[in-house]
Amino acid sequence: MNNILNQIGIENYIFLSVILFCIGVFGVLYRRNAIIVFMSIEIMLNAVNLLFVAFSTYHQDAQGQVFVFFSMAVAAAEVAVGLAILVSIFRNLGSITIDNLKNLKG
Amino acid sequence: MNTLIAIIGLGVLCLLFEILDFRKAIIPITIIGLLGVLGLTISEYNAPNSYYNNMIVVNKFSVCFSSLFIVLTIFLVALSHNFYENHQSKLSDFIAIKIFLLCGAVAMVSFGNLAMFFLGIEVLSISLYILAASNRMNLKSNEAGMKYFLMGSFASGIILFGICMIYGAMGTFDIAEISEMSQSAELPIWFPIGIVLVTIGMFFKVAAVPFHFWAPDVYEGSPALTTATMSTLAKVVAMATLYKLLSAMNADINYGFQMVIVVISIASMTVGNIMALKQANVKRMLAFSGVSHAGFMLMTLLSITTSAGSLLYYATAYSLAGIAAFSVILYVCKNQNNEDITNFHGLGKTNPLLAAVLTGALLSMAGIPIFAGFFAKLVLFSQTIQAGYLVVVIAAVINSIISVGYYFKLILAMYGKEPNETRTGKPFLIYAVAIVALVLNVIIGLFPSVILDLLA
Amino acid sequence: MNVSLLLILLLVGAIVTYLAGDKLASKVALFFGLASLGCTIVLLNHYNLGENISFITRWITQPNVSFALKADGLSLAMVLLTTALTPIIIFSSFGNEYKNSKAFYALILFMSFAMTGTFLASDGLLYYIFWELALIPIYFIALIWGNGDAEDRKKAVVKFFIYTLAGSLFMLVAFVYLYLKAGSFLIEDLYKLNLSSSEQLWIFLAFFLAYAIKIPLIPFHTWQANVYQKAPTVGTMLLSGIMLKMGLYSVIRWQLPLAPLAAKEYLPVLIGIGIAGVIYGSIVALRQKDLKKLLAYSSLAHVGLISAGTYTLTLDGLRGSVLQMIAHGFVVVGLFFVAEIIFRRYETRTIAEMGGIRAQTPKFTSLFLLLVLASVALPTTFNFVGEFTVLYSLSQINVWFAVLGGTTIILGAYYMLKMFQYTMLGETNKRIFADVTANEGITLVLIVAVLFFFGLYPKPIIDLITPSLEEILTQINRIN
Amino acid sequence: MNTNIALVLVLAPFLGFLINVFFGKSLGKSVSGMIGTVSVVVSFVATLYFFMQINNTKQPLSIALFDWIQISNIKVNFGFLLDQLSVLWLLFVTGIGALIHLYSFSYMHDDEKMHSFFAYLNLFIFFMILLVVGSNLLVLFIGWEGVGLCSYLLIGFWYKNQHFNDAAKKAFIMNRIGDLGLLVGIFIIGNLFSTLDYVSLKTAITGATNLNTYWISIAAFCLFIGACGKSAQIPLYTWLPDAMAGPTPVSALIHAATMVTAGIFMITRLNFVFDLAPQVQTIIAIIGAITALVAATIGLVQNDIKKVLAYSTVSQLGLMFLALGLGAYEVAVFHVITHAFFKACLFLGSGSVIHGLHGEQDMRKMGGLKKAMPITYITMLIASLAISGIPLFSGFFSKDEILLVAFEHSIPLWVVASIASIMTAFYMFRLMYLTFFNEFRGTAEQKHHLHESPALITFPLIVLAVLATIGGIISLPFPEYNWLNGYLAPLFTKVATEEHGLGSTEYLLMTLAVIGGVVGIAIAYIKYNKQNTVPAEDAAITGFSKVLYNKYYVDEIYNFVFVKTINELSRFFRDIVETSLSALVFGFGKVTNEIGFYGKKVQNGSIGLYLFAFVLGLCAIVSYLFLAQQ
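Residue numbers (this note's numbering), protein chains in the order written: chain A, 1 to 106; chain B, 1001 to 1456; chain C, 2001 to 2480; chain D, 3001 to 3630.
Next comes chain A alone, as it looks inside the complex:
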């Protein structure tokens, strides 16, 4: 493990995560389908998870990996709630495009 990190360098992990994170961000910004937006958020979270693991190895410290479990659990809970909301929106509206959600404004 340590070896690989030495070969590749922590910066590259960071760059990868940042790129992944940005992909997630752009997904959230540009996609209009709620499910895909959820997935983009998941990409963001997973990018961070990746970085956590990398840092964990970098610091030779297990805390980072434990934190990943935390974040995964939280993400799961979040998505569960999100999907539930989505379902009720679909029931009321018959669509899951977030552009339809413009009743509240001004």
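Source of the hints: derived by calculation from the structure; they are not laboratory data.
Owing to the predicted nature of the structure, the values given are computational and were not obtained by experimental measurement.
Some hints here could point you the wrong way.
Rough simulated footprint, nothing fancy, chain D against chain C, three-plus residues with beta-carbon under 8 Å [said to hold, decoys possible]:
no.	segment
1	2047 to 2054
2	2304 to 2316
3	2350 to 2361
4	2399 to 2408
5	2417 to 2423
6	2453 to 2465
Quick list of simulated restraints, FRET-style, between CB atoms [to be verified]:
no.	chain 1	residue 1	chain 2	residue 2	range
7	C	2272	B	1419	33 to 41 Å
8	B	1054	A	72	47 to 55 Å
9	C	2363	D	3555	31 to 39 Å
10	C	2362	D	3110	13 to 21 Å
11	C	2362	D	3008	25 to 33 Å
12	C	2363	D	3015	18 to 26 Å
13	D	3613	A	103	18 to 26 Å
14	C	2363	D	3111	14 to 22 Å
15	D	3586	C	2096	49 to 57 Å
16	C	2362	D	3235	52 to 60 Å
17	D	3628	A	99	50 to 58 Å
18	C	2272	D	3540	48 to 56 Å
Glycine is no exception: its CB is placed at the ideal position from the N, C-alpha and C atoms.
Position chains B, C and D against the provided structure of chain A, taking the given hints into account.
What follows is chains B, C and D alone, placed relative to chain A:
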């Protein structure tokens, strides 16, 4: 620590009551339970301690804010009785969620480890997502929930990324260690980046400009009691957490960062107040007012080493006024489809007491003396001037003037117009909450030392 | 025995009045008004005997705020004005029926509580709190019990509230700044500060904004006429009789001693603003159609002169201003009451719809005329004593100030007599005008009696205020 | 003792005023009139007491009552000063006052508000006494403003007529213009000498070595403005003719004999100040001469009997100011006294005529009243002869002294004054002929009711006519017989005009003046008695006499230049400035509201936008902190 466990126990108890069919006892028992927890919390005031490898740190700061949160939750629970009259079967769920929300809140001000901070913030947020969307059949509520959820989890992602950067820089999640290490000369650039990202995530939670756009929409769409929760409890929690985060990690608030805070603070006040002027929906108006108050509270970050007391005072004043105002709004808009200002016409004639309470609450928010809001602003101004930011204070003063414009719109509606409907019933709990909240507000207004000296 | 008793009495009075119910409210309020007047007189007696009737106790530790009430001659004179006018104002309202009168009278007493507090407070923050508190009751009085179109009224009243609040918030900032320098809000500690002249300038300006709006000085007066017109007469009396004196009093008590260098540097400008107010107010008053508006502009002119007197920074100027404040308080209350008496009978405030009243009501006419004469400062009225002293002090600065300020003698006579002519004189009005009732008569006679008594014998008041004004003057002239 | 009598002197009319105000109506007309008259008589008696005393002892009496106003360096006492001047003045104020009260008893008997008339008259006497006896300038100022007030009340006595009210208001305001001047003068004196008390002022001035004559001149000029207002001199004279709107006794008392001489009193009182300001004295003399001439020319063509007398008063006051300006104070005082006698007599006589004709004042509708009203005729004739300066009548002596003094100082002034005197003779006899000679020109109804006025009216006329005849003896042009100069001498710092005998020049001048007077009378006789001309109707008046008839259009000019301007200004302030100031304040609110309105459009409900703003904010902060800082 005991607080946290007791609160969770209370939440579980709530859910059990439903199973055991003790529905009627839920609210009284919860209130009594929360009062007990309050006592328990206060007893720890003079006994700072840390638990579970510093996961939880109990100190004066956490005790004070936790107590405030518990008090606010008591009010919110008391208001639930009337609000959920027609949803008796779900009462326990709502109450339990509120209590879990409190859990998250307490965790957020007593964390000793970033993991605890993250957990707390997520528990709080998820509970709020649920509450926001809790009126399933109402599209507005759905929309509010969805907006809040999407933006909230986006912000959570940012916070998580920030935490990750901090971890990358320091190799630990423990606040005390981070604080110690941050004193050293050579810090990886990741650390400030992480701090900034976390701060931005928290700016979102307190709804500071330009991260505030969710607030009015979500406040408007959510059921009124949820709006009350968000605008009082959630806002105060987020602000306290941000404060604690920045002060506990001994983060280097350099000149550039202070400028950012100055700009965001002024922008929040200004945008919030100006936008509030033209609102016809009271909840929306209070949302923007909340944005501006966030701007005020952000001023405490400019003198972070000394301003804990004033933040506590401001938060208490603001949230008590908010509770009082929302209890009146709950009463007035009970059977209405909307919260338009027209609903308040003639309240001064039909319900003079409630009208007086709402007036008092609004005056407090506007910062008129003898109400706590005045002292809150005074202390804030004095600290900020001392920190050398006269500009911010001038901006804040101008904003206070603008804010009077919309607060008085509501007062005018209550006293200047004829009532267009009869209002019946005097729900005891709503009256009680409204009056107690306002009286507490006035008391701490008359004796500010009671609160200010707690964190001196 | 100390002055806090007076505040307690008024506050308790407000509460008891509210609890007494609609029927008894007016009488209970009058009782407390008279009781506070009695209390003031007793306190005055104690003060004259050299007893200490001040009251001070620590209120808030952090920030360091004290509940400090200091009674010196100046404060007591203003308190006397307040507590003397309050029962008169309450009594004057006996002829009217008010909806929800318990709240109405409670608000009057509450307002007089706040104003008394403003005059007594010797702690900056306490003073500020009373200052703001006084604003709230008048807002509601004008809003709920006012007259005219509801929308217009709302606009005027809200403008008034926001405008005055806007000014005073800057004063708050100034106070906070001073506090950070001195570590206390107590006036004695603030007096000890050594501020640079630029600091003084900013502080002066912050105070000036608050006071210029409250007094009001031109061009900050735009709220005044509308609010005076829209507010119920009782509210107008409170506003013009007492509340605007708060601003003038504060100039003497707070603004000048705290920032004397700025005041000295801009002395001609400040006096100029005051005098411009005299001329402008008088000229605008000439062509007002509404009686209350006319009186409002006359008030603008008078306070312009008073403020010019205070800004002379001489003992005469200050003394004349204080005398004129008290005199103006009484006369303006009387004149607004006259407007109310006419309104009770003719349901109008438009001057063109009046006229020919004199033939029907000799008593009322005489009293009205006496008030008009007092207002134009005829010798032997109290107003003359004040106006003369102020003009004299202006002449000491520059004779032209006295000449320009003295135009009030001419213009004041012009608009007041014109008003009197078209309201009272002329062919007998066809509508019946019942002569004043006993209540109305007593009120007017009391006011007139006060004006003429002190016009001939102002010595007690001069003796009361002079020592404290001298003290303030030494503070103004201290060398940093 | 003296204090008490002085208090009685001052307060008796005030008591009369109070009684009449509060109980007048219930007491009935006769009693209220009685009280009014008696109270003035009491004052007169008290005055006589003081007169005797002071004439004997030559010592002025100072009476201090209480401290009134206190200003930094000056304590103003409410006190009285009874000296030669004030007692002399009091004598004719209360004396003529008593006579006119008596006269009013009958004259106003038909008026329903007789008690308030007496109340006002009493109040006037009270203030006039205060004006005269005050020991300092501020007490004088009380009286000064007080008499102005009473004048206002009495001009507008018939308040149902708005024109009368306008006249009253005009009088008050023009007086107040003067009052401001007086007040400023008082201020300057106070600033210069730290006292307002006459006695200490005099000591301060006479004792001082280096006086600030510049400021003293300005003070004197300001005081003179005050005198102009009260004594109706150019440019502040226009109120006096209008003041004839009041009842005739008022015109006689206030606007002829007493109040309008207050300016002369004040200047005489402060002669030591004016003596230090020669330029101002010149101005006074010139203004006085011009006023005398201008008013006389206007008087030539007036048809209202009271207007003629009013302009005559203005003209005579001008002569007095001429004397004052030339430093001949005692001469001015002398003329004040004789003028009070004959002018009061003339006014009361005209009142008697008006009374007889039931309110008619237009001389074109009179004529031939000689037979119907013999006493009125004779007394008025005497007074007219006096005013025209016919030898042996009182006016001859006083006027002649003025002309003499004028001649000594400046020929042009003498010429102007002489022309004014000739005109006086002309218009007075124009008045006499139009009123009393030839045939009656009024309605038959009026003719039927023509009668001599009752005794209460004729008695004062007779008394005044006698005084007008013999009044000259108090100051005969022979030094050894000149009682007045000797009496007043202690007042003046400068030695009064050299006590020279009458040389040939003087006799020549005297003759010239007499001839002038006779010529004036002769012209009037030819035109209005011989040719029996009746002045044309208003519309038919043309040419220069139209300008004269319309008083040189001064009222119109004043109206246009001052009243209109100030009213337009007021309208401009009210409609434009006030509105725009108000709009400015509202503007702040409006602008913020507008911004709020557009802000609402930004908040369009789209999550995409919200998130975009979020990311934008994030990028901005991060780039500011980490890129801009590098």
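Next item on the list: Quick one: see if chain D covers the segment 2417 to 2423 of chain C, three-plus residues with Cβ-Cβ under 8 Å.
Entry: Since three or more residues must qualify, the claim that chain D covers the segment 2417 to 2423 of chain C holds, with 3 doing so at under 8 Å.
Notebook entry, point to check: So does residue 2272 of chain C sit 48 to 56 Å from residue 3540 of chain D, Cβ to Cβ?
Noted result: Between residue 2272 of chain C and residue 3540 of chain D, where Cβ atoms are some 54 Å apart, the hint holds.
Checklist line | Range agreement (Cβ of residue 103 of chain A with Cβ of residue 3613 of chain D, hint 18 to 26 Å) | finding: 19 Å, holds
Check: Quick one: are residue 2363 of chain C and residue 3111 of chain D within 14 to 22 Å, going by C-beta?
Finding: For residue 3111 of chain D against residue 2363 of chain C, whose Cβ atoms are near 20 Å apart, the range 14 to 22 Å holds.
Note to self: Against the range 25 to 33 Å, how does the distance between the Cβ atoms of residue 2362 of chain C and residue 3008 of chain D compare: consistent or not?
What the structure shows: 29 Å, holds
Note to self: Just to be sure I understand the hint, the distance between the Cβ atoms of residue 3586 of chain D and residue 2096 of chain C should be within 49 to 57 Å; is that true here?
What the structure shows: With Cβ atoms ~31 Å apart, the hint is violated.
Next item on the list: Count the residues of the segment 2453 to 2465 of chain C whose CB lies closer than 8 Å to any CB of chain D, then report whether that count reaches three.
Entry: Since 5 is at least three, the answer is holds.
Item checked: chain D over the segment 2047 to 2054 of chain C, status - at least 3 residues with CB closer than 8 Å -> violated (count 0)
Note to self: Please check whether the segment 2399 to 2408 of chain C has three or more residues whose CB lies within less than 8 Å of a CB on chain D.
What the structure shows: holds (count 5)
Check: So does residue 2363 of chain C sit 31 to 39 Å from residue 3555 of chain D, Cβ to Cβ?
Finding: Because 36 Å falls inside the window, the suggested range holds.
Margin query: Does the beta carbon distance between residue 2362 of chain C and residue 3110 of chain D stay inside 13 to 21 Å, or does it fall outside?
Written below: Holds: the Cβ-Cβ distance is about 19 Å, inside 13 to 21 Å.
Next item on the list: Go ahead and decide if the range 50 to 58 Å is satisfied by the Cβ distance of residue 3628 of chain D to residue 99 of chain A.
Entry: 35 Å, violated
Consistency with the previously given hints fails for numbers 1, 7, 8, 15, 16 and 17, ordered from lowest to highest.
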